[in-house]
Amino acid sequence: MTESVPGSTFEAAYAEGSPPWVIDAPQPAIVELERRGGIRGRVLEPGCGTGEHVLHLAALGYDVLGVDLVPAAVELARDGARRRGIEARFEVADALRLPAELDDRPFDTVVDSALFHIFGDVERAAYVRNLHAVCRPGAAVHVLALADTGPGFGPEVGEPVLREAFGAGWRLVELRPSSYRGVARGESAEAFGVAPGTLVDPPAWLATAVRL
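In full-length UniProt numbering, the protein residues as written are 1 to 212.
I should point out that these hints are in silico values taken from the structure, not numbers from a laboratory. Take the hints with a grain of salt, since some may be wrong.
With beta-carbon atoms standing in for the labels, derived distance ranges [said to hold, decoys possible]: (1) I86 x E159: 13 to 23 Å; (2) E91 x E190: 31 to 41 Å; (3) R129 x E159: 14 to 24 Å; (4) A195 x R40: 13 to 23 Å.
Beta carbons are placed, not taken as given, at the ideal position from N, Cα and C, and that holds for glycine.
From just these sequences and the hints, can you work out the full model?
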């Protein structure tokens, strides 16, 4: 993908109230990642959406911050925290301006669930530079991105894109097939052969890169 998905697309999805990525639960792949010991220290989730991963990790005792470009998403995340009685932090911030918009305390872990794959070539490189700037040496960045290996419902990336993105300044320690749970509607429901509103698990990549 050479061009990024514009922010207006996500603003419209929240205004309409039916984003396919909102499943009112954390991604199973991220839950399993935490169970396997992949999360530690201070955690950042850029593009946190309604905050399900932040809420899940905060409830487990992690120091975690969720940021999203869309104010409506951040408000939904804060509402979710209040309703569940979970102390969690959310801020409106641009993932392409992280060093300027966050405090100067570095992160130990980054959880990217379906953000990396929305960027085109130029902004993807800028995004990875931003992650490098806000992570301490040895920090782990986990990327769950829709894969170009099967039917999906949004932008997709190939394995070479992830390998290239986390080259200089990083050590890619794992890149394996996974899945990303979402809600199939419209053309995506037809592609999966399911009724609109059905939860589906299209193929994804789960990559882990360590900041050098």
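Hints breached by this structure: 1 and 4
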